[in-house]
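Chains A and B supply the protein sequences, listed in that same order.
When we follow full-length UniProt numbering, the leftmost residue of the first sequence carries the number 1, and every step to the right adds one.
When we follow full-length UniProt numbering, the leftmost residue of the second sequence carries the number 1, and every step to the right adds one.
I should point out that these hints are in silico values taken from the structure, not numbers from a laboratory.
Wrong hints could be hidden among the right ones.
What the hints assert, rightly or not - Capping the alpha-carbon separation at 20 Å, the derived lysine to aspartate or glutamate pairs in EDC-like fashion look like this:
{"no.": "1", "chain 1": "A", "residue 1": "K619", "chain 2": "A", "residue 2": "E565"}
{"no.": "2", "chain 1": "A", "residue 1": "K239", "chain 2": "B", "residue 2": "E133"}
{"no.": "3", "chain 1": "A", "residue 1": "K907", "chain 2": "A", "residue 2": "E708"}
{"no.": "4", "chain 1": "A", "residue 1": "K341", "chain 2": "B", "residue 2": "E220"}
{"no.": "5", "chain 1": "A", "residue 1": "K929", "chain 2": "A", "residue 2": "E954"}
{"no.": "6", "chain 1": "A", "residue 1": "K809", "chain 2": "A", "residue 2": "E760"}
{"no.": "7", "chain 1": "A", "residue 1": "K5", "chain 2": "A", "residue 2": "E134"}
{"no.": "8", "chain 1": "A", "residue 1": "K341", "chain 2": "B", "residue 2": "E133"}
{"no.": "9", "chain 1": "A", "residue 1": "K5", "chain 2": "A", "residue 2": "E22"}
{"no.": "10", "chain 1": "A", "residue 1": "K929", "chain 2": "A", "residue 2": "D956"}
{"no.": "11", "chain 1": "A", "residue 1": "K239", "chain 2": "B", "residue 2": "E176"}
{"no.": "12", "chain 1": "A", "residue 1": "K858", "chain 2": "A", "residue 2": "D893"}
{"no.": "13", "chain 1": "A", "residue 1": "K173", "chain 2": "A", "residue 2": "E134"}
{"no.": "14", "chain 1": "A", "residue 1": "K10", "chain 2": "B", "residue 2": "E133"}
{"no.": "15", "chain 1": "A", "residue 1": "K12", "chain 2": "B", "residue 2": "D82"}
{"no.": "16", "chain 1": "A", "residue 1": "K53", "chain 2": "A", "residue 2": "E219"}
{"no.": "17", "chain 1": "A", "residue 1": "K112", "chain 2": "A", "residue 2": "E76"}
{"no.": "18", "chain 1": "A", "residue 1": "K514", "chain 2": "B", "residue 2": "D104"}
{"no.": "19", "chain 1": "A", "residue 1": "K335", "chain 2": "A", "residue 2": "E219"}
{"no.": "20", "chain 1": "A", "residue 1": "K619", "chain 2": "A", "residue 2": "D598"}
{"no.": "21", "chain 1": "A", "residue 1": "K3", "chain 2": "A", "residue 2": "E76"}
{"no.": "22", "chain 1": "A", "residue 1": "K843", "chain 2": "A", "residue 2": "D956"}
{"no.": "23", "chain 1": "B", "residue 1": "K12", "chain 2": "B", "residue 2": "E220"}
{"no.": "24", "chain 1": "A", "residue 1": "K341", "chain 2": "B", "residue 2": "D177"}
Single-letter residue listing:
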Amino acid sequence: MLKNKAFVRKTKRGTVIKVVKEHYLRDDIYCEVATCTKCPSSLNAVTTPSTTKLVPSPHHIVPDTNVLYHQIDVLEHAAFTDVIILQTVLQELKHRSNAVYARARTMISDPKRRFIVFCNEHHRDTYVERRADESPNDRNDRAIRTAVAWYNMHLDGKPQAVLITDDADNRRKAEVDKIPAYSTQQYVASMQGHPDLVDMIAAVEDSNIAAEERFAYPEHLSNSQIAAGIRSGAFFQGKLSISQNNYLEGSVFAQVDKEERTVMIIGRKDLNRGIHGDIVALQMLPESQWKRPVGVILEEEQIEGQKDEDEEEKAEESKMDVENGAANETVPTAKIVGIIKRNWRPFCGTIEKASVSSAASGLTSQQSVFFWAMDKKIPKIRIRTRQAENLVGRRIIVAIDGWVRNSLFPSGHFVRTLGEVGDRATETEVVLLEHDVPFAPFSSSVLSFLPAEGEDWIVQPEHLAGRIDFRHLDVCSIDPPGCTDIDDALHCRQLPNGNLEVGVHIADVSHFVKPENAMDMEARRRGTTVYLVNKRIDMLPSLLGTNLCSLRSNVDRLAFSCIWEMKPDATVVNVKYTKSVIRSKASLTYDEAQMRLDDSKLNDPVTQGIKALNQLAKKLRANRMEAGALTLASPEVRFKLEEDQQDPVDVELKELKDTNALVEEFMLLANIWVAKKVYEAFPESSMLRRHPKPPAANFESLQKAVGELGITLDVTTSRALADSLNNATTTDPYINKLIRILTTRCMMQAVYFCSGTVPESDFWHYGLATNIYTHFTSPIRRYSDLVVHRLLSVAIGYEKAYTSDLVSKEKLSELSDVLNYRHRMAQQASRSSVELFTNMFFKEKLLQEDAYVIRVLKNGFSVLIPRYGIEGYVYASLNDSKDSSEPSPFVYDGEKNRLIAGTVEIKLFAKCSVCVFVEEAGGAARRSKLVVRLCEPWVPGVSVRLDDIRVAREQDQLEEKSGKVVKKAKRV
Amino acid sequence: MSKDVPPSINEKAFLLSALISRQRLDSRSPHDIRTTRILLGPQPGHAEVRLGKTRVTANVSCEIVRPRANAPTEGALLFTTDFSPMASPAFGDGPGGGGGSGGDEILIARVLERALRGSRAVDTEGLCIVAGEKVWQIKVDVRVIDHEGNIVDCACIAAVAALMHFKRPDVTVLGEDVTIHSTSERNPIPLTLHHVPICVTFAFFNQGMLQVVDPNLLEEQCAEGDMTFVVNRHGDVCTLSKAGGVAVEAGQVIHCARIAAAKAEEVTDMIKAALEKAAVKEPKVAIV
């Protein structure tokens with residue numbers, strides 16, 4: 001008898017085809033049970049029915065596919081004989097796993113075991129057709145149940161056929177059909193004489209359905225739904241920004257109800273698979289559900305180690321639990337309903353060692369492992385790779401592919417390896433990649449725009465057209481030691497009328513870099529030169545930056561000059577801007593220039609010039625202070641590298657000398673005057689720089705803290721602030737510096753902007769206390785200066801023709817945004833590089849130093865160690881990396897923002913003693929961490945003693961070493 | 001259909017007697033390989049290798065394709081071999097080739113594939129651009145120009161050198177947008193090779209008692225059997241191919257493996273030196 005099986009399938013190519021198969025059914029398939037009277041006897045029949053406590057009547061078991069697949073080890077045990085395997089089950093098994101299928105086949109062909117195969121697919125009474133709404137899986141389950149029911153009917157219950165299935169749903173349905181069905185666990189537990197079998201059962205829950213019910217993110221809305229929602233005002237959009245300190249807290253700066261405000265998104269569900277940087281669509285939560293910003297530092301690594309994703313969720317929630325002690329108000333909170341644009345980029349990081357199973361056979365099998373990105377704002381990523389074992393302990397790059405609803409983590413793929421963790425070159429590359437710094441070598445198209453003469457380029461007579469020849473002037477430059485890209489040079493000479501002529505000469509980069517050519521585009525892309533501790537990523541090819549543009553001494557160079565005539569009291573009488581040719585007489589370092597200043601015996605023109613400049617600089621500075629310029633401080637340190645630029649030998653704080661201030665003053669002066677000139681010529685499209693006034697709210701916590709020391713900070717104007725800072729003295733002189741450092745952190749960022757987009761009153765530069773400002777003096781290392789050069793050269797009439805882009809408000813505004821971004825990234829990259837070298841410096845060291853508290857949070861406090869200028873975070877509880885079973889001895893007082901443990905109070909500016917050491921980047925740790933532990937004041941349960949730590953570390957090292965020896969032996 | 005003329009009995013006897021007294025007809029010692037010349041470039045991925053008079057060229061190119069369904073995050077590696085009649089009268093222009101040599105071609109192609117793809121020398125996971133949609137497919141075309149014995153070794157060196165010399169265009173993936181940069185825009189990127197597999201072939205004479213490394217044409221035709229090792233400089237044996245021929249004892253196999261490892265190191269150094277020389281000649285790239 002013939003039947004047709006028709007179904008529709010999608011091929012690999014994507015086309016949809018209809019498959020029609022012919023299927024024959026027979027009447028002559030026999031049940032193969034020896035005791036059956038209706039069927040002829042067969043050679044391989046099952047003979048001996050089993051009895052167990054659970055099923056006392058004689059029966060044969062019929063396992064379903066999952067049982068046969070997962071519990072093959074159990075079934076292979078000699079205790080199982082006379083088992084009926086259905087054809088459906090065997091076929092499904094073959095599709096699932098060839099290996100297990102082979103094992104099942106071996107069992108079946110063993111005559112002693114008496115496993116029979118019943119061809120229920122071809123038996124007329126047990127064939128089952130797929131119903132329209134049924135999934136293939138369900139159809140197979142139904143076929144199995146039908147076959148078992150048929151057996152029971154055919155044999156009249158003597159012996160019985162018993163279905164063994166671990167799927168609770170299947171068992172339920174079997175019960176409805178009056179088919180005896182049990183789970184493996186139940187059945188095996190009841191088997192007499194074989195208690196050990198129970199242990200062999202593999203623990204497989206029907207995790208598929210349960211997991212999906214257990215965890216799924218809300219669905220994302222489609223693009224059209226989002227668009228409709230935004231139009232109607234139900235949703236709003238913004239760029240998601242995840243908090244640096246808490247990976248479950250995100251914020252968006254968006255327009256809500258016509259107002260620009262910061263909206264928070266808190267918790268995994270609300271974040272709904274949004275990744276830092278994505279453009280997302282949000283729906284505001286009702287006010288009753290608004291949350292408070294959680295004042296903790298939460299790192300995903302702390303939650304790491306939980307194998308079960310479920311547990312991870314619970315652990316996260318407990319950490320985020322906000323008790324109502326916090327004085328923070330609730331902030332508008334929203335949830336993400338859809339993603340408008342994904343902004344994933346390739347991420348650097350390492351593989352989580354715990355997720356790599358060494359059981360995998362290495363070269364051939366792919367396994368899923370977890371990847372930690374260096375950037376703490378990015379969640380763990382699941383990748384499949386064959387080389388997992390090789391990749392542990394190395395920095396790799398991974399790109400995200402997608403994030404489905406029912407997965408706690410996004411999935412991605414491996415891109416390439418960078419090198420070993422901790423290796424200096426690798427870590428430097430990671431810093432650059434993570435801060436989106438383009439550092440690839442300049443391409444051939446960029447280099448094609450360099451002057452053809454290359455290194456042999458010299459100033460020719462034709463270059464003098466339109467320029468003033470200043471080669472006879474005693475120009476000199478003052479720069480840090482080892483500086484090769486000299487942007488600026490100065491000169492000063494006495495005029496017959498008693499006034500002084502001061503000149504600031506800046507490298508004429510716009511002569512070499514013409515607008516819109518490949519080199520210009522690449523420089524625009526880079527935005528700025530990035531300075532790392534051991535490396536410098538140039539914005540322009542070094543032929544220009546360190547040679548042709550650089551104002552080296554004793555060689556003719558093109559420059560853009562700003563010449564003032566000043567009275568001895570530094571009042572400007574007139575100003576002139578011109579392109580020029582100069583010949584610097586001396587390239588001095590700050591120290592050399594300082595020595596010349598201090599040496600009263602030297603009287604050569606250059607030294608005279610410097611001395612005159614110094615006098616003027618002092619007056620200029622005094623004027624600025626009068627106007628309210630701020631002198632803030634930063635704990636900047638400089639690393640003394642060994643000769644070969646390798647390991648940091650010592651760390652020293654940067655000191656400011658007179659000559660630093662000298663150069664600074666004249667650079668500021670030039671920038672201010674050029675800003676004025678350019679704005680005059682291009683009121684709508686000048687590239688300027690402003691520093692917005694910080695809102696008073698930024699200073700609140702600082703003011704409260706210094707109030708306790710008896711100091712008041714008047715933040716109404718910058719002058720008032722400067723005066724308050726000068727008067728903020730206590731017994732400890734470092735406190736003043738500390739207050740300045742903390743004030744710096746309350747400041748807003750200075751930004752580039754296009755003059756036409758902002759009202760003139762907002763041009764104010766708060767920190768420098770000037771009405772208008774721009775960047776002009778460093779075109780070799782900043783693109784904005786190059787733009788200003790181009791604007792100025794049109795303004796003075798040197799350049800007759802210019803592109804429309806130069807004066808387009810929109811283009812300039814866009815460019816400002818890009819440059820601001822690059823500038824920020826470059827700063828962060830520098831800081832990361834310093835952190836990297838700090839960790840390298842502290843490697844193997846264990847030190848105890850004085851420190852000051854600079855920030856207090858719920859679960860710990862930040863300290864600044866003045867000697868090295870580094871910051872660290874001290875957790876309030878020693879066990880913060882694991883689930884702390886012991887509560888912290890500290891209690892957080894939200895009102896006064898301090899941590900109290902008995903008589904010890906940790907508050908801002910408190911002085912304490914800490915010990916510092918580096919914890920290597922082992923296991924899941926992304927990078928080696930600088931660990932700071934409190935030594936004094938002594939708080940039991942938190943404070944440690946230096947010697948105890950030393951002993952513990954030595955022990956750890958011994959253990960590691962002995963572990964390493966074992967490993968080495970294995971390799972050979 | 002022209003076949004290669006087999007050597008005369010006299011020649012065979014002369015060769016064998018010379019070998020028995022540990023002398024090869026081209027005055028090499030039994031474990032010496034012929035003078036190797038590796039020429040790279042000018043375009044990236046092109047290599048020509050001369051092993052004595054045997055000449056093989058390899059050319060590497062890349063293309064973006066859809067990945068296989070069962071390996072969505074891996075790129076593809078494709079090999080084609082071409083034994084043109086210009087290399088030897090033994091190679092015919094039909095699929096059957098010149099009699100027995102037809103089988104050799106397939107064997108050589110198979111050894112090459114096994115050596116480079118099977119040993120996972122090229123990192124295919126790094127060739128993924130967008131998982132499940134776009135991956136790089138690297139195609140290696142090996143052409144035999146001249147057959148003077150031991151094509152396998154020569155082809156392998158050529159293929160490996162070409163792969164190491166090749167540079168693919170740079171790609172940027174931001175969110176779901178993929179941009180492929182031209183070579184003048186952004187410098188192209190070399191492939192990642194985990195290790196460098198080198199073929200070393202032995203030919204056996206005198207009932208398998210004598211073995212020589214890198215047989216030339218005459219030695220190949222007179223040999224009783226041959227065995228090819230694919231090893232890298234770390235001493236890992238990636239492939240061992242012995243198709244027919246005289247039986248060889250296990251001890252001898254191990255001995256040959258050791259010799260092969262030493263030769264592999266030599267050849268790897270040669271390839272690296274050639275790559276460095278080629279890098280110097282390339283258009284100047286500013287050192288940042």
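Going through the hints against the structure:
no.: 1; hint: K619(A) / E565(A); result: 15 Å, holds
no.: 2; hint: K239(A) / E133(B); result: 27 Å, violated
no.: 3; hint: K907(A) / E708(A); result: 10 Å, holds
no.: 4; hint: K341(A) / E220(B); result: 63 Å, violated
no.: 5; hint: K929(A) / E954(A); result: 18 Å, holds
no.: 6; hint: K809(A) / E760(A); result: 15 Å, holds
no.: 7; hint: K5(A) / E134(A); result: 14 Å, holds
no.: 8; hint: K341(A) / E133(B); result: 19 Å, holds
no.: 9; hint: K5(A) / E22(A); result: 6 Å, holds
no.: 10; hint: K929(A) / D956(A); result: 16 Å, holds
no.: 11; hint: K239(A) / E176(B); result: 16 Å, holds
no.: 12; hint: K858(A) / D893(A); result: 8 Å, holds
no.: 13; hint: K173(A) / E134(A); result: 14 Å, holds
no.: 14; hint: K10(A) / E133(B); result: 17 Å, holds
no.: 15; hint: K12(A) / D82(B); result: 31 Å, violated
no.: 16; hint: K53(A) / E219(A); result: 48 Å, violated
no.: 17; hint: K112(A) / E76(A); result: 12 Å, holds
no.: 18; hint: K514(A) / D104(B); result: 61 Å, violated
no.: 19; hint: K335(A) / E219(A); result: 12 Å, holds
no.: 20; hint: K619(A) / D598(A); result: 18 Å, holds
no.: 21; hint: K3(A) / E76(A); result: 36 Å, violated
no.: 22; hint: K843(A) / D956(A); result: 15 Å, holds
no.: 23; hint: K12(B) / E220(B); result: 11 Å, holds
no.: 24; hint: K341(A) / D177(B); result: 10 Å, holds
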